[in-house]
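Asker: Based on these hints, arrange chain B on the given structure of chain A.
So the sequences go chain by chain: A and B.
For the record, in the first sequence the residue sitting at position 177 is 177 according to our numbering, with numbers rising by one throughout.
For the record, in the second sequence the residue sitting at position 152 is 152 according to our numbering, with numbers rising by one throughout.
Just so you know, these hints were derived from the structure itself, not from any lab.
We treat Cβ as the ideally placed atom computed from N, Cα and C, and that holds for glycine.
It is possible that part of the hints are untrue.
Said to hold, decoys possible - To give an idea of the chain B side of the interface with chain A (calculated C-beta under 10 angstroms), a few residues:
no.	residue
1	R55
2	A101
3	V235
2 protein chains.
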Amino acid sequence: MNNLDSSYDVVGIGNAIVDVISHENEEFLLRHDLVKNSMSLVDEQTALAIYNDMRPAIQTSGGSAANTMAGIASLGASTGYIGKVRNDQLGELFVHDIEAAGVDHLVAPASTGLPTARSMVLVTPDGARTMNTFLGASSTLYTEDIDTEKVATSNFLYCEGYIWDIETTKNTIRLAMSIAKEANRKVSFTLSDTFCVERHHKEWLELVAGPIDVLFGNEAEYLTLSGCNSIEDAVKWVSGQVEIACITEAHNGSTVVTEGQTIDIEAYPVEKVVDSTGAGDLYAAGFLYGLTKQYDFETCGRIGSLAAAEVITQTGARPQSSLAEIVSTTLDL
Amino acid sequence: MNNLDSSYDVVGIGNAIVDVISHENEEFLLRHDLVKNSMSLVDEQTALAIYNDMRPAIQTSGGSAANTMAGIASLGASTGYIGKVRNDQLGELFVHDIEAAGVDHLVAPASTGLPTARSMVLVTPDGARTMNTFLGASSTLYTEDIDTEKVATSNFLYCEGYIWDIETTKNTIRLAMSIAKEANRKVSFTLSDTFCVERHHKEWLELVAGPIDVLFGNEAEYLTLSGCNSIEDAVKWVSGQVEIACITEAHNGSTVVTEGQTIDIEAYPVEKVVDSTGAGDLYAAGFLYGLTKQYDFETCGRIGSLAAAEVITQTGARPQSSLAEIVSTTLDL
Numbered sequence: 001m002n003n004l005d006s007s008y009d010v011v012g013i014g015n016a017i018v019d020v021i022s023h024e025n026e027e028f029l030l031r032h033d034l035v036k037n038s039m040s041l042v043d044e045q046t047a048l049a050i051y052n053d054m055r056p057a058i059q060t061s062g063g064s065a066a067n068t069m070a071g072i073a074s075l076g077a078s079t080g081y082i083g084k085v086r087n088d089q090l091g092e093l094f095v096h097d098i099e100a101a102g103v104d105h106l107v108a109p110a111s112t113g114l115p116t117a118r119s120m121v122l123v124t125p126d127g128a129r130t131m132n133t134f135l136g137a138s139s140t141l142y143t144e145d146i147d148t149e150k151v152a153t154s155n156f157l158y159c160e161g162y163i164w165d166i167e168t169t170k171n172t173i174r175l176a177m178s179i180a181k182e183a184n185r186k187v188s189f190t191l192s193d194t195f196c197v198e199r200h201h202k203e204w205l206e207l208v209a210g211p212i213d214v215l216f217g218n219e220a221e222y223l224t225l226s227g228c229n230s231i232e233d234a235v236k237w238v239s240g241q242v243e244i245a246c247i248t249e250a251h252n253g254s255t256v257v258t259e260g261q262t263i264d265i266e267a268y269p270v271e272k273v274v275d276s277t278g279a280g281d282l283y284a285a286g287f288l289y290g291l292t293k294q295y296d297f298e299t300c301g302r303i304g305s306l307a308a309a310e311v312i313t314q315t316g317a318r319p320q321s322s323l324a325e326i327v328s329t330t331l332d333l
Numbered sequence: 001m002n003n004l005d006s007s008y009d010v011v012g013i014g015n016a017i018v019d020v021i022s023h024e025n026e027e028f029l030l031r032h033d034l035v036k037n038s039m040s041l042v043d044e045q046t047a048l049a050i051y052n053d054m055r056p057a058i059q060t061s062g063g064s065a066a067n068t069m070a071g072i073a074s075l076g077a078s079t080g081y082i083g084k085v086r087n088d089q090l091g092e093l094f095v096h097d098i099e100a101a102g103v104d105h106l107v108a109p110a111s112t113g114l115p116t117a118r119s120m121v122l123v124t125p126d127g128a129r130t131m132n133t134f135l136g137a138s139s140t141l142y143t144e145d146i147d148t149e150k151v152a153t154s155n156f157l158y159c160e161g162y163i164w165d166i167e168t169t170k171n172t173i174r175l176a177m178s179i180a181k182e183a184n185r186k187v188s189f190t191l192s193d194t195f196c197v198e199r200h201h202k203e204w205l206e207l208v209a210g211p212i213d214v215l216f217g218n219e220a221e222y223l224t225l226s227g228c229n230s231i232e233d234a235v236k237w238v239s240g241q242v243e244i245a246c247i248t249e250a251h252n253g254s255t256v257v258t259e260g261q262t263i264d265i266e267a268y269p270v271e272k273v274v275d276s277t278g279a280g281d282l283y284a285a286g287f288l289y290g291l292t293k294q295y296d297f298e299t300c301g302r303i304g305s306l307a308a309a310e311v312i313t314q315t316g317a318r319p320q321s322s323l324a325e326i327v328s329t330t331l332d333l
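The shape of chain A in the complex, shown without the other chains:
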């Protein structure tokens, strides 16, 4: 890794999404046949049917990798973001928010085609979030959307699993990963959701055996990916695949697997989970930030846990307070 002459500490790739958040009861999930804590892709019509049944909502920028980049920026590192919006009102607010968070937005909005992506985020009284995403403009990334020079000169590339869907976009991401690897940069990836892992199992095994250096996911996602029956076996399996694997498990903390070593990290206690949206995204933000600072892995994990704890005590998936301040007052770095 070369920290000199780098464009960014981290460049992220993901679906550029506006979150439409409302608090709903469990009945709402049953009525629409939704799986709690999961993300479902929906077409515009289904999105509308769900929206029409939702209570008054708040709109705020989201998108998994975008949340992670906003988190890294809030921690104090430099970030760029590759994610496509349409040139419509929701697109304008997405671009405003990512730039206002201190992240450079690296893709011009599309002037034709589908509208900006939105995700109906249903937060139940237990703080769990159930997401229904209409991908719209965000689903298609072309190779010309990748600023190859910026990717080649940034220390980390980070990609969310959610965006792995359309062939064109997959090839664009493969290109970005190969540019990063050829330039001797690190490639990181998050498994996003078990349904994504199931859907793209074979291709993701290739990515994990290939370009990916740093992998994020929760226990269920690692079990699905590895095909193992126990998390212990999954840990053994993944340690042969990637340089660093982070396995998160909500309030039970996380495990960092690296060089045959396994480090358990406790979750930071929170008084009340208001909205768990963004917990995984912010864990990745904290961990990657730690790596850019070349902290030891335990410290990286602790920063991840702290950032995740902060974001689940508020509504919305991006930190509303300065994570740099929270880290400096909480951790002894």
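Answerer: Same frame as chain A, now just chain B:
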């Protein structure tokens, strides 16, 4: 008043606005030459300049009279709302939110012309809100936008001062007021902001001497309207003008002036003011709701205070919890 065969308990008229809310420091207000706690009308370009300098924001439906209607619906009465959006993304979310709040939206979105109105709401650490509003589609209401039958058969008409701006719109509102009066309904009005009172002083004195039965405003607004030097003199003056005048003064509570009688209502104590946006709107909601239930004026004022106290402990100007439940557990009605 005829509670039988009525369309709604209250029909509101106002600017249909999406609030774009961020937390900013005092320096931000200085940098943009903004008067704290006030609302300024801005053109699209100025709105953009302010927006570009704002931190990541949340978008949520607002509009003074719309907030009041949402509050009345949350209290359990029936409401309709006359306020115009454009058929764009922000317009869609406004209409979703007002309907999801249980309020009937009574005006079709415009299919041409300016975009849906938005207000940049800057919340400073003291909880004060400073608003910069681009009125867009909401500023022009035509007489054909008024459902005359619904206005004539609803018990109260409520109009915000903010929307009093363009001649066409003023004439539309005058028409709505005259329809209500001819049908023996009550007309209520809020003074909205001292700058509005200054700007439309002569016309509003005519409205107050004419169709208005119930008037809302804060001390500064009543002083400006009456031209009096003391609030005591303003109280004397207004008691000869309208049937009921409510004078709010933030944490000092409110005064209800009626039939030569003056009733002081205490503010409900709140632990911390998060965002004072909507306090006046929700006071009016509570008071009007009380009137529709034919409670005594002190009770009406207490419901107003309680609704206002609830809304200032959250970000955004519409109640996120059921006001009906809060009232039933707090007040002995």
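Asker: Would you settle whether the hint for B:A101 is holds or violated, based on the nearest Cβ-Cβ distance to chain A being less than 10 angstroms?
Answerer: Hint on B:A101: holds, closest Cβ of chain A at ~5 angstroms, below 10 angstroms.
Asker: For the hint on B:R55, just tell me whether its beta-carbon gets within less than 10 angstroms of chain A.
Answerer: 5 angstroms, holds
Asker: Does the interface hint hold: is B:V235 within less than 10 angstroms of chain A, judged Cβ to Cβ?
Answerer: Hint violated; B:V235 Cβ to chain A Cβ min 37 angstroms, cut 10 angstroms.
Checked against the numbered hints given earlier, this structure breaks only hint 3.
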